[in-house]
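Same order as they appear, the protein sequences are chains A and B.
For what it's worth, numbering that gives the first Met the number 0 labels the leading residue of the first sequence as 0, then goes sequentially.
For what it's worth, numbering that gives the first Met the number 0 labels the leading residue of the second sequence as 0, then goes sequentially.
Simulated from the structure, these hints should not be mistaken for lab results.
Hints should not be assumed to be uniformly reliable.
Derived pair list, reagent style BS3-like, types lysine-lysine, alpha-carbon separation capped at 25 angstroms [claimed, not checked]:
1. B:K72 <-> A:K114
2. A:K89 <-> B:K53
3. B:K72 <-> A:K106
4. A:K53 <-> A:K114
5. B:K72 <-> A:K87
6. B:K53 <-> A:K105
Number of protein chains: 2
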Amino acid sequence: MHVKEVSELAGVSIRTLHHYDEIGLLTPKKINGSGYRIYSEADLERLQQILFFKELGFSLKKIKEIMNSSSYKQEEALEIQRGMLIDKRKRIDKMIQTIDKTIQNKKGEIQMTDKEKFEGFDFSHNPYEDEARKKWGDHVVDESNAKIKQLSKYERESLEKEFNDIYRKLAEIRHESPDSDIAQEKIGLWYVYLNKIGNYSLDAFKGLGQMYVDDERFTKNIDKFGEGLAKFMRDAMAVYAERNQSE
Amino acid sequence: MHVKEVSELAGVSIRTLHHYDEIGLLTPKKINGSGYRIYSEADLERLQQILFFKELGFSLKKIKEIMNSSSYKQEEALEIQRGMLIDKRKRIDKMIQTIDKTIQNKKGEIQMTDKEKFEGFDFSHNPYEDEARKKWGDHVVDESNAKIKQLSKYERESLEKEFNDIYRKLAEIRHESPDSDIAQEKIGLWYVYLNKIGNYSLDAFKGLGQMYVDDERFTKNIDKFGEGLAKFMRDAMAVYAERNQSE
DNA sequence: ATAAGGTATTACGTTACGTTAGAGTCAACT
DNA sequence: AGTTGACTCTAACGTAACGTAATACCTTAT
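Produce the entire structure from the sequences given, and follow the hints as far as they go.
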């Protein structure tokens, strides 16, 4: 499917689709040879998810964070979104009640406190973000931490040592090209390491790399080992994922 | 009431209130002597209205346009907003249905077309703006036009002559101060003129003046008589309204 | 009179696109 | 084969609705 088709189907502008591509929120496979974006069925589903989250007031950054979380599963998300939408409907009902009261109040039929005049809306913060955070927030870290806690003391120390070794090695070579042999070898170790404590597909691996630069909590910790390491790792991870994907 | 109080009551940030003041959407009477914004009960009601429109997806510019329309009445607005909110609830119900279908589809229980996957959302345009336009849009002009049409040919020509005369006079003196005697005299004629074809309170008069510079359709036509005339008129009209208000 | 909390005014930053502008693509029609 | 019209791309600047300091004044409680 081409942009226009998708655009009309989903009721969003073409520019919006371009934008989502730009920020890496929804990147179709642009095979067309002449650079045209071609959207697959899976892309459509992802777009649907994005729009649900958007309706619920999430920022694109948060949406990306959530959907890139290694534990993200569409079916789970649908259930949660369903709950949130029902909640939102409740809030709208409240607003309708508030209107009714206000009308009555205007007619002098009832009294109304100032507080009651604003029941139903609260623009000060997104009421659904907390729930989302519980489910997906900081999940990559949580998941890893949980697994690590289950290990024996010896295993933990051994893992930590390995962790530090890989980071230091990567930091040393961070000025090489991300697709160089040495970089790919070391980033491969990283992939193996991660799969000891979690379960990462190549796509998730690539997504995680992107998060290293998008999410400053990661960037900060990673760049402790060397300025610019996060970016280097993201690039290397992307290359690694793509190379091993096709084979 | 001070900003913080209002802010907490309505669930909007202080910055938002400042912003609404800046753009002239909600300007409290700042009597406090030290420049503090003091919000009245009427201001609260206006804020409530604003938030309702916002929830329905109107831009602040549109909201301002609507609420400054000479025919705007709060009670009417409440009824219409009520209808729109009920409509919005329907759309959310559609989205919930869409989610349910998607879940079933994922389980392989039912088939689903691409179109069905996006039923409920349509971000391409605000569905309520048309309705609003019918009620309030271009209303100042419409109202005047309607009245003018009812007049005899002679009366119409006479009015048009008067109209042109006033504009030309105003254009001549547009470099005077808006609160000078001559400016106030001529703008007074304009107020009298407008009330021949409509029914303008001093507040509506002031609001109309603001619209001369906010709405470029007005600005363009007015500035035909002289560059900067629209701004001059707005200022003069504001002074006129305030001076005659208190007496 | 001094600290704590509220408020005001700049003023620059940010998000999520809108809006041209300039140029290449594709399918259909003469 | 040439042209047209609908579609696509990237690049880049514009906009709306605030967020986020920074700096300074006001007010009241101690």
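Hints and how they fare:
Distance hint between K72 (chain B) and K114 (chain A) is fulfilled; the C-alpha atoms sit about 23 angstroms from each other, no more than 25 angstroms. The straight-line distance between the Cα atoms of K89 (chain A) and K53 (chain B) is roughly 18 angstroms, inside the 25 angstroms bound, and the hint therefore holds. Pair hint K72 (chain B) plus K106 (chain A) holds up; C-alpha atoms about 14 angstroms apart against a cutoff of 25 angstroms. Between K53 (chain A) and K114 (chain A) the CA atoms are separated by roughly 28 angstroms; this puts the pair beyond 25 angstroms, and the hint is violated.
Straight-line distance between C-alpha atoms of K72 (chain B) and K87 (chain A) comes to about 28 angstroms, which puts the hinted pair past the 25 angstroms bound. Between K53 (chain B) and K105 (chain A), the direct Cα distance comes to roughly 21 angstroms. Compliance with the 25 angstroms bound is thereby established for this hinted pair.
Hint compliance for this structure: hints 4 and 5 are not met, and every other hint is.
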